[in-house]
Amino acid sequence: MVHSGPMPNPPRRRPVDRMPESAFQLLVEGVVDYAIFMLDPDGHVASWNSGAERIKGYRADDILGRHFSTFYPPEDIAAGKPDRELEIAIAEGRLEDEGWRLRKDGSRFWANVVITALFDATGDLRGFGKVTRDMTERRRAEQALLERRRLVHHLVEAQELERRRIAWDVHDDSIQSMVAVGMRLQLLADRVPEEHVATVTRLDQAVRSAVERLRMLVFRLRPPEIDRNGLVAALEEYLGDVAPMWDLAHAVRDELEREPPVDTAITIFRICQEALTNVHKHARATAVEITLSTVDRGTLVVIADDGIGISLTRDHQAGLEHFGMIEMRERAETAGGWWTLGIRPEGGTAVRFWLPTTSDTA
Amino acid sequence: MTRVLICDDDIMIGEALHDVLTAESDLAVVAIAHTASDAIDLAERHLPDIVVLDVRMPGGGGIRVARELRDRCPTTRVVAFSAYADPATVAEMRRAGVTEYLVKGVPNTDIVATVRRLARGPFGKL
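As you go down the protein sequences, you meet chains D and C in turn. So the first sequence is numbered by the numbering used here: it starts at 1 and just counts up by one. So the second sequence is numbered by the numbering used here: it starts at 1 and just counts up by one.
Check each hint, because a few of them may be wrong.
Unchecked claim - Have a look at the derived ranges for each label pair, beta carbon to beta carbon:
(1) C/Glu44 x D/Arg150: 50 to 60 Å
(2) D/Thr201 x C/Gly60: 35 to 45 Å
(3) C/Ala113 x D/Ser174: 22 to 32 Å
(4) C/Thr35 x D/Leu203: 25 to 35 Å
(5) D/Arg164 x C/Ala113: 30 to 40 Å
(6) D/Arg139 x C/Arg95: 55 to 65 Å
(7) C/Val106 x D/Leu145: 45 to 55 Å
(8) D/Arg297 x C/Asp71: 55 to 65 Å
(9) C/Asp71 x D/Arg258: 47 to 57 Å
(10) D/Arg258 x C/Ala113: 50 to 60 Å
(11) C/Arg95 x D/Met216: 26 to 36 Å
As the list claims (entries may be wrong) - Here are some, though not all, of the chain C residues that point toward chain D, as calculated from beta-carbon distances under 10 Å:
(12) Ile13
(13) Gly14
(14) Ala16
(15) Leu17
(16) Ala23
(17) Tyr84
(18) Thr109
Unchecked claim - Rough simulated footprint, nothing fancy, chain C against chain D, three-plus residues with beta-carbon under 8 Å:
(19) 166-178
(20) 184-198
No lab work stands behind these hints, which were simulated from the structure alone. The beta-carbon is built from N, C-alpha and C at its ideal position, and this holds for glycine as well.
Using the sequences and the hints, build the whole thing.
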């Protein structure tokens with residue numbers, strides 16, 4: 001840090017009596033969160049503290065004088081890891097490692113280990129200081145997070161696959177059949193007695209509008225082309241297609257500092273689709289804006305409209321919107337994020353959600 | 001009399017098209033093909049004036065049929081009749097030699113009018 005003004009006077013130090021070594025020893029012995037102990041130059045345990053006893057399960061009497069390879073699992077011993085670690089510590093001054101270690105009862109824990117080589121004033125190796133932390137809980141949490149990411153990845157993949165399958169089925173089966181029905185109804189309208197023509201024509205119109213709705217469904221189900229141009233472009237393209245049909249002015253504001261990974265991007269796209277459908281069906285809005293930004297190692301998305309707000313829509317009270325909302329919230333929460341719906345002070349509704357970055361590399 | 005070959009793998013659509021076209025006194029359906037290979041064979045055999053052609057069909061799809069017909073039946077004109085309306089598919093069919101493109105769901109009158117217009121037209125293929 002650079003100071004431009006005069007330096008403030010340093011606080012006055014209170015003179016202290018130098019603590020006796022025994023006090024320092026008390027401190028080390030009393031620490032329970034870390035195993036802190038010494039090894040002699042050959043790797044035999046030369047001291048022990050409460051933390052070591054708690055983490056490794058040995059009492060001082062059990063372990064003093066034994067070689068520290070006792071703490072390593074058989075595969076590490078077979079690979080010569082204990083000796084190699086001491087060699088590295090001697091050569092480089094210290095060594096840090098994370099890996100499995102054994103407790104006295106044979107159970108394993110995930111340890112962070114620092115071995116420091118200790119030399120005296122003449123440069124002779126006097127032994128090693130060893131500090132071990134039990135990282136099992138942290139590792140478990142990391143593993144759980146990884147597992148969750150894997151599951152979310154599979155879930156998104158499975159959902160997309162299923163959507164594609166449904167889209168094909170609707171497109172190649174339902175729509176075709178209904179088109180054929182419509183063609184036949186039109187033929188029929190030319191042949192039935194005059195008094196039935198209006199009914200048949202209405203049927204044909206109903207079929208045709210159902211075909212249109214099914215086409216829209218297929219359009220919504222199709223996979224977003226995020227791979228090609230990224231999330232923002234996929235959303236702009238989607239809005240460019242649907243907004244004119246829905247008489248909605250639209251904008252996508254891109255404040256992303258980095259593109260979310262594909263899984264997350266697909267989830268964001270699907271939630272936006274659902275939110276936009278709600279805007280179209282219920283909000284009576286004239287404009288909608290999607291803002292994407294990078295916040296807290298994740299992506300924050302706000303879909304704001306200028307409609308009548310959620311509390312005024314009849315459908316909301318009837319619970320008809322409910323399913324879309326549950327789906328949006330579940331998608332966000334499954335991906336480890338959150339989702340909210342609120343009324344904007346300036347009028348209209350805002351859907352806000354945040355998804356963490358799920359890529360291991362990002 | 002304008003002679004028409006129908007190519008669609010959906011049997012209901014094929015039959016409906018047949019009934020729509022044969023309801024017109026100036027149009028005759030020579031055959032209905034349900035695969036791309038059948039479509040090419042039947043076109044060579046009957047040399048129809050017009051082929052009403054689906055895009056997605058077993059055996060190479062409408063694209064293959066349109067390309068083959070351009071060489072094998074140069075006087076036959078092709079109308080695509082497809083559930084796909086995306087620009088990429090339309091462009092690909094046009095490049096393959098399709099003169100008109102109808103999206104499934106258009107009124108029967110549009111189908112009939114398009115077939116008649118193509119049959120009348122003195123202009124060649126694209």
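Status of the hints after comparison with the structure:
no.	hint	in the structure
1	C/Glu44 x D/Arg150: 50 to 60 Å	55 Å, holds
2	D/Thr201 x C/Gly60: 35 to 45 Å	38 Å, holds
3	C/Ala113 x D/Ser174: 22 to 32 Å	27 Å, holds
4	C/Thr35 x D/Leu203: 25 to 35 Å	32 Å, holds
5	D/Arg164 x C/Ala113: 30 to 40 Å	36 Å, holds
6	D/Arg139 x C/Arg95: 55 to 65 Å	58 Å, holds
7	C/Val106 x D/Leu145: 45 to 55 Å	53 Å, holds
8	D/Arg297 x C/Asp71: 55 to 65 Å	59 Å, holds
9	C/Asp71 x D/Arg258: 47 to 57 Å	52 Å, holds
10	D/Arg258 x C/Ala113: 50 to 60 Å	54 Å, holds
11	C/Arg95 x D/Met216: 26 to 36 Å	28 Å, holds
12	Ile13	5 Å, holds
13	Gly14	9 Å, holds
14	Ala16	4 Å, holds
15	Leu17	7 Å, holds
16	Ala23	6 Å, holds
17	Tyr84	8 Å, holds
18	Thr109	8 Å, holds
19	166-178	holds (count 5)
20	184-198	holds (count 4)
Checked against the numbered hints listed earlier, the structure breaks none of them; every hint is satisfied.
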